[in-house]
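*Asks:* The chain contents come next:
Protein chains: 2
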Amino acid sequence: EVVLELARAVNPKPLNGKQVLLTAGPTFEAIDPVRGITNRSSGKMGYALAQAAWLMGANVNLVSGPTALPAPYGARMFNVQSARQMHAAVFNQIEQIDLFLGVAAVADYGIKNPSTQKQKKQNAEPAGLHMEFELNPDILAEVGKLASERSQPLTVVGFAAETENLDEYAQQKLMNKKAHFIVGNLAQDALGADLTELTVYSKTSKPERL
Amino acid sequence: EVVLELARAVNPKPLNGKQVLLTAGPTFEAIDPVRGITNRSSGKMGYALAQAAWLMGANVNLVSGPTALPAPYGARMFNVQSARQMHAAVFNQIEQIDLFLGVAAVADYGIKNPSTQKQKKQNAEPAGLHMEFELNPDILAEVGKLASERSQPLTVVGFAAETENLDEYAQQKLMNKKAHFIVGNLAQDALGADLTELTVYSKTSKPERL
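Chains X and W are the protein sequences, given in the same order. Number 205 in my numbering belongs to position 205 of the first sequence; there are no gaps in the numbering. Number 189 in my numbering belongs to position 189 of the second sequence; there are no gaps in the numbering.
Treat each hint with caution, since some may be false.
Note that the list lumps identical chains together, so a pair holds whenever it fits in one copy or between two copies.
DSBU-like mimics (lysine-lysine), calculated; alpha carbons at most 35 Å apart, straight line [as the list claims (entries may be wrong)]: (1) LYS145 with LYS118; (2) LYS121 with LYS13; (3) LYS44 with LYS178; (4) LYS206 with LYS13.
Hints in this document: simulated from the structure, not taken from any laboratory.
Could you build all of it, start to finish, from the sequences and the hints given here?
*Replies:* Rendered as structure tokens:
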């Protein structure tokens, strides 16, 4: 931590005093008290970006789904499970935010009525066979809409992890979510990995591979 | 590791030379390349028992679902995702095993035809709404059956994490799975925790709270 404090002290601080909000990791949509639907996101990218933002001088707020990672040094943590909880944690503080990075892999659908007791196999119906799904709020699209409407500037960066048609899906996301940037990668290479190939999409310039 | 080697050297070794097989952690049943159904098991209990068995002189084989834990020192690791993979890893080696501890939280049901590409929200059908479930093999019951039939002794220990009716469910499990012991705990207290209250059930003696 002393090393990080030192690194921050000597680092140029392009984000000095800026309020940065990130989401990271997977969400966990409960089926019953023990089971749930999640995804393979490890949270590494979001946590690394949170640490980098802090080193660049930002005040960093990190809304994180369940991960096995240590909190980035200097970041204020908000630990959540479901997409709805993540949405609430984001909109509790979005008014003060200058830069939003939606890195979390947020579930599109939640489970309508999670069971309050663990579902047993000997019950006639297999656990989850009658799961009803409900659409979760689209956090990135709502933040993008807010940014397009409010007077105080808010830069919105989304992430797209796809298994195919990355360029097409990322360009769509740029438009549909009113994001300033979409950072895309191929999920089969990236999920859980320490290194990954990224492409940055924006409305005003050509896709840039990093 | 030197400390562990030393501890093992001076430890009494009731399991000296025994072949012990454990399963630990959750399983992950893929819906598509990024999403899946899992549970809140951290793997801590299975990993701790694997380490303890090694300290007691056993040869330890650990079949583990996805966890964030370091491999127990001295254990041979078999990393798997789904219940079917866990089943295969167990039955690949069960012939040589003297003691089986089924600690993993194994999914009762798998997804019949996981999508090979990430399912997109803009498709008319929400991801997973048409998931078809199929019954997974019951690893503990199959090991219990094998133990009851084969001549070479095989001790079978199962685990039950329940949210209610623990005594009843654990006694049922003892009978249905032909296990020698069932170790029960309440999931709401136990999952992810470092300490938990356990009860040991066996056919021949009264439940014993630890």
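*Asks:* With reference to the structure, classify each hint as holding or not holding.
*Replies:* We went through each hint and held it up to the structure:
1. LYS145 with LYS118: between (39 Å within a copy, 26 Å between copies)
2. LYS121 with LYS13: neither (56 Å within a copy, 38 Å between copies)
3. LYS44 with LYS178: Within one copy, since 25 Å is at most 35 Å while 43 Å is not.
4. LYS206 with LYS13: within (27 Å within a copy, 66 Å between copies)
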